Amino acid sequence: KAGVTQTPRYLIKTRGQQVTLSCSPISGHRSVSWYQQTPGQGLQFLFEYFSETQRNKGNFPGRFSGRQFSNSRSEMNVSTLELGDSALYLCASSLGEFSPQHFGDGTRLSIL
Amino acid sequence: AQTVTQSQPEMSVQEAETVTLSCTYDTSENNYYLFWYKQPPSRQMILVIRQEAYKQQNATENRFSVNFQKAAKSFSLKISDSQLGDTAMYFCALAYNQGGKLIFGQGTELSVKP
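Protein chains in written order, with the working numbering: chain A, 1 to 112; chain B, 1001 to 1114.
By construction, these hints were calculated from the structure, which means they are not laboratory data. As the structure is a prediction and not an experimental result, all values here were calculated from the model. Watch out, some of these pointers could steer you wrong.
[What the hints assert, rightly or not] Ranges of calculated distance between the beta carbons of each label pair, as one might list FRET restraints: (1) A:Glu52 / B:Ala1072: 33 to 43 Å; (2) A:Gly42 / B:Glu1061: 21 to 31 Å; (3) B:Glu1061 / A:Thr5: 19 to 29 Å; (4) B:Phe1064 / A:Gly58: 23 to 33 Å; (5) A:Ser27 / B:Asn1062: 41 to 51 Å; (6) A:Arg108 / B:Asn1030: 37 to 47 Å.
Glycine included, each C-beta is placed from N, C-alpha and C at the ideal position.
Same shape as in the complex, but just chain A (with noise of 0.2 Å):
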């Protein structure tokens, strides 16, 4: 069975960008979470996705946004990039409903 694909791995942009991250989800699974992660502020949540809707959402500003299509498949987006925003990016999938959030390899973006 494959798991969390996230695409691209690495990405580099310059401030004021936008960027669009994706996440292929583990078969069957319906629960799509992101995560924003770097060495001063450590894991945070950004927002979950079941079923398309957004179930859960972080303390992050509205230049972060996602979206969950049909096939469970979830995009995340940044708008007008800043140097802070320079970070490891993981997503995870699950059955939903407290069953194990699975993660994929992550996507690290760099700000210049």
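Given the structure of chain A, go ahead and fit chain B onto it with the hints provided.
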């Protein structure tokens, strides 16, 4: 607000020895789960063990076990017979609100020495 605290930034243990990683949490929720995840240098987060808050029995998974003290809001991880492959960053996490949102602690970097 839900919080998770890991007070040990770094720990080391000799191969084949036992080590315990500490975690405390705070939540006003009645329905929640607790997890330990490990993140090796390769960076993929891997589930180690899960504990349902409504279960009194401590979870065990091979060499990994937890000591869940609900009243004290404590959730420690014991690793027995430590192996070199256990070297990783370990995160304690709290899930609530249907489980899609994990609140992570700051992590404990564990080094297993030969």
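*Honestly, which of those hints from before does the structure not fit?*
Structure breaks hint 5 only.
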